[in-house]
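Hey, can you work out the whole structure from these sequences and the hints?
Protein chains in written order, with the numbering used here: chain A, 346 to 459; chain B, 1425 to 1533.
Don't take every hint at face value.
Said to hold, decoys possible - One side only, chain B facing chain A, incomplete, derived with CB under 7 Å:
#1 1456
#2 1463
#3 1467
#4 1470
#5 1473
#6 1512
#7 1517
#8 1520
#9 1521
#10 1523
#11 1524
Stated by the list, open to error - Below, computed lysine-lysine pairings styled on DSBU-like, alpha-carbon distance capped at 35 Å:
#12 B:1466 with A:359
#13 B:1426 with A:402
#14 B:1491 with A:423
#15 B:1491 with B:1426
#16 A:423 with A:359
#17 B:1480 with B:1491
#18 B:1466 with B:1480
#19 A:402 with B:1480
#20 A:423 with B:1480
#21 B:1426 with B:1466
FYI, nobody ran anything at the bench for these hints, they're computed from the structure.
Since we're looking at a predicted model, the values are computed, not measured.
All residues carry an ideal CB built from backbone N, CA and C; glycine is no exception.
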Amino acid sequence: GAGVSQSPRYKVAKRGQDVALRCDPISGHVSLFWYQQALGQGPEFLTYFQNEAQLDKSGLPSDRFFAERPEGSVSTLKIQRTQQEDSAVYLCASSLDREGSPLHFGNGTRLTVT
Amino acid sequence: QKEVEQNSGPLSVPEGAIASLNCTYSDRGSQSFFWYRQYSGKSPELIMSIYSNGDKEDGRFTAQLNKASQYVSLLIRDSQPSDSATYLCAVTGYNKLIFGAGTRLAVHP
Chain A
346 GAGVSQSPRY KVAKRGQDVA LRCDPISGHV SLFWYQQALG QGPEFLTYFQ
396 NEAQLDKSGL PSDRFFAERP EGSVSTLKIQ RTQQEDSAVY LCASSLDREG
446 SPLHFGNGTR LTVT
Chain B
1425 QKEVEQNSGP LSVPEGAIAS LNCTYSDRGS QSFFWYRQYS GKSPELIMSI
1475 YSNGDKEDGR FTAQLNKASQ YVSLLIRDSQ PSDSATYLCA VTGYNKLIFG
1525 AGTRLAVHP
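Shown next as structure tokens:
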């Protein structure tokens, strides 16, 4: 596709529900990143894939957060038993390779946990 | 100490003036540096990248990098109201891109 595509654009979940956020990166981009952005803050790193391998998940805030990219293309970020503090914009970005390439961001998914 | 630090602003400049945005970083091993612009409710958009010491110019934008001082800046010449946004400094560190909290720029007519 022309750019990074994320869905849904908005998600409202009740506390305790599980959610799944989807990211479709730019075709041919090897690297895929997930970031969390709270209001008024910069994006905070969550996890990174190179093709299907999850090379860094140090930013995932708890074991309720899980990400996968089974075929090295589309990625899903899953949040189990959502809490109010999970409310944020979740940004997906992709790049051609790992070192030095700029990231291209999707429009994000705004998650609100009530 | 945060890994990438920016003044949160707001930085207010009149139309036509030069806006100067600054960023410091803590990882001396960082090799790649980026400036992203983010309009309210939108995703970050890349405006400049810089990889070596010195200045890099692209239209009205100039990025400056000083690795010895661990400092990177962005100058916007002839600022326009459409430049009003949050500017995010991003630095590679530990094999990922680390962002500052952003500086909010307001250009008033």
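Here is how each hint holds up against the structure:
1. 1456: At about 5 Å, which falls below the 7 Å cut-off, the nearest Cβ of chain A leaves the hint on residue 1456 (chain B) intact, so it holds.
2. 1463: Violated, because the Cβ-Cβ distance from residue 1463 (chain B) to chain A comes to roughly 12 Å (cut-off 7 Å).
3. 1467: OK, holds: residue 1467 (chain B) within 7 Å of chain A, min 4 Å.
4. 1470: Holds, about 5 Å.
5. 1473: holds (6 Å)
6. 1512: holds (5 Å)
7. 1517: It is violated, given that the least Cβ distance between residue 1517 (chain B) and chain A is near 9 Å, above 7 Å.
8. 1520: At 5 Å from the nearest chain A Cβ, residue 1520 (chain B) passes the 7 Å test, so the hint holds.
9. 1521: holds (6 Å)
10. 1523: Since the shortest Cβ distance to chain A is 4 Å, the answer is holds.
11. 1524: holds (5 Å)
12. B:1466 with A:359: holds (25 Å)
13. B:1426 with A:402: Holds, at roughly 19 Å.
14. B:1491 with A:423: With a Cα-Cα distance of about 38 Å, the restraint between residue 1491 (chain B) and residue 423 (chain A) is violated, given a limit of 35 Å.
15. B:1491 with B:1426: It holds: about 17 Å lies between the C-alpha atoms, which stays within 35 Å.
16. A:423 with A:359: holds (15 Å)
17. B:1480 with B:1491: holds (14 Å)
18. B:1466 with B:1480: Roughly 26 Å between the alpha carbons, so the hint for residue 1466 (chain B) and residue 1480 (chain B) holds.
19. A:402 with B:1480: holds (33 Å)
20. A:423 with B:1480: violated (40 Å)
21. B:1426 with B:1466: holds (24 Å)
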